[in-house]
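Using the sequences and the hints, build the whole thing.
Protein chains: 2
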Amino acid sequence: MTKRLPRVYLAGPEVFFPESVRASLDERKKRILGDVGLEGVSPFDNALDLAGAREPAQLIYDANRELMDKADGLIANLTPFRGPSADAGTIYELGYMIGRDKPTVGFSVCATPYNERVSRHSTVCANGADIEAFGLADNLMLDYGLVRAGGKFFTGATAYPPGGFPPEAYFEEPVFVAAARYLAQLLREHP
Amino acid sequence: MTKRLPRVYLAGPEVFFPESVRASLDERKKRILGDVGLEGVSPFDNALDLAGAREPAQLIYDANRELMDKADGLIANLTPFRGPSADAGTIYELGYMIGRDKPTVGFSVCATPYNERVSRHSTVCANGADIEAFGLADNLMLDYGLVRAGGKFFTGATAYPPGGFPPEAYFEEPVFVAAARYLAQLLREHP
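Top line first, the protein sequences correspond to chains P and F.
Here the first sequence stands for residues 2 to 192, where the numbers follow our numbering.
Here the second sequence stands for residues 2 to 192, where the numbers follow our numbering.
Some hints could be false.
Which copy is meant is left open, so a pair is good if it fits within one copy or across any two.
The calculated lysine to any residue pairs, modelled on SDA-like cross-linking and capped at a C-alpha distance of 25 Å, are [what the hints assert, rightly or not]: (1) K71 <-> T124; (2) K31 <-> A127; (3) K4 <-> V16; (4) K4 <-> P19; (5) K153 <-> G136; (6) K31 <-> A158; (7) K31 <-> R101.
By construction, these hints were calculated from the structure, which means they are not laboratory data.
For clarity, every value in this text was computed on a predicted model and none was experimentally measured.
Printed below as a string of structure tokens:
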């Protein structure tokens, strides 16, 4: 009898990237997860008939939700997307999986802390809201949500480009490998 | 014997606003929640000694998490903050509470759909990622996360200002009242 590998949901803004970039990132991640004894599943594993759907957005949500519910853990690409924080859908999935008590890790290629991404020279943003100078990778709910659930937020070596990262930049192999190894360990401890 | 009112966690970026604005918004929301038979609790109800804390960010996370775990439901201000999507911490809390199967509603004062906030004239953003033209209030995981959990995303009347909303604009009474009434009904059905 063969036991199935622990299944890990690959969350991230890659779903919005041009197909060639997305497919190659998915493949590299799944290979690395395989190397540490995990099976990666991605939203694109679902071949959804969006053109024929009456509510395509609901179809996508339901499919992602089912993938998450069938997964044993989560690895979330929290690299900043369309602003100083991670992709909104990915953050939702991070909160959801932690709410479900499933082992979870996050990573970002970005070396610049959140508060410096919002403003390098002030503790108040352009609209007058406080920027908490904690030097964390993102909003503290993400950083400590991960830590307090036994997970970890792995960060990379790239400085934040003022206009945001281009799609090809959303992957750094050493960061992903470290996150994958950590998650594999978590899943061994909490099978 | 008096039964306690259902307790609702008030999530939103208001925690970063100047104290005078924040306190007044908290008070108005708690009054409206009281009118529909709910008790509002806000992160600022915790008087935390941040100055004396070794890890102030963790202290804030733990206090918010405890408030969420003691709450019966969530009302999340998902008005765009520091970019085209809602505040990262608020999205995390939304996902977490839905992950915990707790009744949840969201609201935003913004009338402009997410895809138009990212770009009015294109289906691809400046960095080359797709902008799904669903006309939803935010990333579909938030909109349908709410809907599929039995909740709802209430939106307001204000067009998205290119530089984002100022703190005083994060509240529209009719939108909050509608969200509060809907949540009160949900909590009666799922006590």
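To see whether the hints hold, each was checked on the structure:
1. When the C-alpha separation of K71 and T124 is checked against a cutoff of 25 Å, the pair qualifies neither within a copy, at 42 Å, nor between copies, at 32 Å.
2. In this assembly of identical chains, the alpha carbons of K31 and A127 never lie at most 25 Å apart, being 40 Å within a copy and 28 Å across copies at closest.
3. Taking the closest pair of Cα atoms, K4 and V16 never come within 25 Å of each other, the shortest separation being 30 Å inside a single copy and 47 Å across copies.
4. With identical chains, the CA atoms of K4 and P19 are never at most 25 Å apart, being 35 Å at best within one copy and 55 Å at best between copies.
5. For the homomeric pair K153 and G136, the shortest alpha-carbon distance inside one copy (15 Å) is at most 25 Å, but the shortest distance between copies (34 Å) is not.
6. For the identical chains of this complex, K31 and A158 are intra-copy neighbours only, at 22 Å inside a copy versus 44 Å across copies, given an alpha-carbon limit of 25 Å.
7. In this assembly of identical chains, the alpha carbons of K31 and R101 lie at most 25 Å apart only when taken from the same copy (23 Å versus 29 Å across copies).
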